[in-house]
Amino acid sequence: MNTMIMVARYHLVRPVLFVAIPWATLALAFAVNVARGGDTFRDGLAVFFCMFFVVGVQRIGGWLPFGLALGATRRSFYGGTALLGVAMSLVSGLVIAGVQAIERATGGWGLSITFFRVPHLLNGPWYATWLTSFVGLSLLFVYGMWYGIVYRRWGTLGVLAFIAVQVPVALAYSWSGVGGHLAGLSALDLTGVIAALTVVFLAGGHATIRRVTV
Amino acid sequence: MTPAISVTGLTRRYPDQVALDDVHLTIGAETITGLLGRNGAGKTTLLRILAGQEFPSSGSVRVFGSSPAENENVLRRLVLVREDQAYPDFAYPDFKVRHALRAASLCYPNWDAGLASSLLEDFGLLPGKAIKSLSRGQRSALGITIGLAARAQVTLLDEPCAGLDAVARQIFYDRLLAEYSDFPRTVVLSTHLIDEAAALFENVVVIDRGRVVLDTAADGLRGMVTTVSGPVLAVDSFTEGRPVWERRGLGSQASVVMVGQVSGEDRERARSLGLDLTPLSLQQLVVRTSGRSGVAGALTERTSA
Numbered sequence: 001m002n003t004m005i006m007v008a009r010y011h012l013v014r015p016v017l018f019v020a021i022p023w024a025t026l027a028l029a030f031a032v033n034v035a036r037g038g039d040t041f042r043d044g045l046a047v048f049f050c051m052f053f054v055v056g057v058q059r060i061g062g063w064l065p066f067g068l069a070l071g072a073t074r075r076s077f078y079g080g081t082a083l084l085g086v087a088m089s090l091v092s093g094l095v096i097a098g099v100q101a102i103e104r105a106t107g108g109w110g111l112s113i114t115f116f117r118v119p120h121l122l123n124g125p126w127y128a129t130w131l132t133s134f135v136g137l138s139l140l141f142v143y144g145m146w147y148g149i150v151y152r153r154w155g156t157l158g159v160l161a162f163i164a165v166q167v168p169v170a171l172a173y174s175w176s177g178v179g180g181h182l183a184g185l186s187a188l189d190l191t192g193v194i195a196a197l198t199v200v201f202l203a204g205g206h207a208t209i210r211r212v213t214v
Numbered sequence: 001m002t003p004a005i006s007v008t009g010l011t012r013r014y015p016d017q018v019a020l021d022d023v024h025l026t027i028g029a030e031t032i033t034g035l036l037g038r039n040g041a042g043k044t045t046l047l048r049i050l051a052g053q054e055f056p057s058s059g060s061v062r063v064f065g066s067s068p069a070e071n072e073n074v075l076r077r078l079v080l081v082r083e084d085q086a087y088p089d090f091a092y093p094d095f096k097v098r099h100a101l102r103a104a105s106l107c108y109p110n111w112d113a114g115l116a117s118s119l120l121e122d123f124g125l126l127p128g129k130a131i132k133s134l135s136r137g138q139r140s141a142l143g144i145t146i147g148l149a150a151r152a153q154v155t156l157l158d159e160p161c162a163g164l165d166a167v168a169r170q171i172f173y174d175r176l177l178a179e180y181s182d183f184p185r186t187v188v189l190s191t192h193l194i195d196e197a198a199a200l201f202e203n204v205v206v207i208d209r210g211r212v213v214l215d216t217a218a219d220g221l222r223g224m225v226t227t228v229s230g231p232v233l234a235v236d237s238f239t240e241g242r243p244v245w246e247r248r249g250l251g252s253q254a255s256v257v258m259v260g261q262v263s264g265e266d267r268e269r270a271r272s273l274g275l276d277l278t279p280l281s282l283q284q285l286v287v288r289t290s291g292r293s294g295v296a297g298a299l300t301e302r303t304s305a
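Just so you know, the sequences run in chain order A and B. Numbered by my numbering, the letters in the first sequence go through residues 1 to 214 in order. Numbered by my numbering, the letters in the second sequence go through residues 1 to 305 in order.
Fair warning: there could be bad hints in the mix.
[As the list claims (entries may be wrong)] Here are the in silico distance ranges between beta carbons for each label pair: (1) S186/A to S58/B: 53 to 61 Å; (2) K129/B to A31/A: 30 to 38 Å; (3) A172/A to E72/B: 52 to 60 Å.
[Stated by the list, open to error] These stretches of chain B come out as covered by chain A in the derived footprint (C-beta under 8 Å, 3 or more residues): (4) 19-27; (5) 73-81.
No lab work stands behind these hints: they were computed from the structure. Every residue gets a Cβ at the ideal spot worked out from N, C-alpha and C, and that includes glycine.
Next up, chain A with everything else stripped away, as it sits in the complex (with noise of 0.2 Å):
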């Protein structure tokens, strides 16, 4: 647990990198929002979430090799880096809620402006859009982490090859019709196939970083 909480701190030696890149891109999409008079465009809380993803792979790409040359396990720096972003998953899901129900106060900033309320996911009381968004950015940085590690363990051709293992998953899902069952589940059932698909993202991750060399 000390390594862990050592190579989350190593991760924030350079705080604004990890926390200024997602919030610069959401206050940019916000920006461009504003500036268009409020028509409903959603998609700029959808770059936050995938901004995640982002920082999940450059985290790995990027920071593993130094993070292991100062003596950490493979094992610690993962635990660490997956423990720095959930962290940041919370604390940013706690202020999408926050601005989620400023938006809701004041009538869409005075513009009707629905940027921060996606209908039928984020469109609950605080502490759901609080608990969907912590799980959905959870999943999207450990998802990036398991990219950063297959590039790092087999290169480009290696994320190409990852990439077309799940296409078959991806179609047979939408296939076997899975998908429009979960389009009937409720925000919170949701929630819980994002939280438990995390889960899986998580132990895949980890079964990939074991044999990293650097």
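Once you've looked at the hints, dock chain B against the given chain A.
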């Protein structure tokens, strides 16, 4: 006493080459060992395996009696800054020297911040400089700073002098020795600047094409191999019955590389025969032991006898 590092039958195979081939090695605690050999000989692979960054194909590696791979107890006491060390500057261009040092200070309990900043000053390296924009030599200076200021019990330095100017190299040699005497630790240092660094080494390990061709105390090597040159007949008479590596003739003159200590009596005789005796430097020794079969074997037998 358990040796700091012990390697038995270590082999590392890659699809296109054998980087390490049945390596056996023991390195005592609190010594400075020179790890020498040509480019691609396997030095960095060996250091990476010692630091748990790479895995052996077969064989065993022990640092303080345990395998270093994924072993926190070992790795927290060990530092390896590589010649080609990757920093997070790839993804984050404004990752600066001071960020790297702060990261290292979090990871090493004995980190000496004062030493780190005085080394930076000596090397003329600014803490606010982005790592991405460092020159080859400046990257080496950063690596040395991290490696020494970490004060890790096992300090592995992979080609620390690459790209450093002569003044900076001298600073490194001086600082390494001063640090070593203040806080003795096990240092393994790979370098191509052999004669420059020779005075630092207590032990010398030469690797060639993945095999250890020489592993001996540096003291034992000094004066162990001598070039005898002069008139052909005199050279032949002087070297008769002694192991010889190489013989070159040029007209009536000859030059022979001879193995074995030269006694005072030998010197006397050489002088009377008009012969010139020149001890082979460590660098010349490495040149002659690398890439040639049979030669090193003879020397290892000699020095261990």
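Taking the hints in turn, this is what the structure says about them:
1. S186/A to S58/B: 53 to 61 Å: holds, 55 Å
2. K129/B to A31/A: 30 to 38 Å: holds, 33 Å
3. A172/A to E72/B: 52 to 60 Å: For E72/B against A172/A, whose Cβ atoms are near 41 Å apart, the range 52 to 60 Å is violated.
4. 19-27: With 0 residues closer than 8 Å to chain A, the segment 19-27 of chain B misses the three-residue bar; violated.
5. 73-81: holds (count 7)
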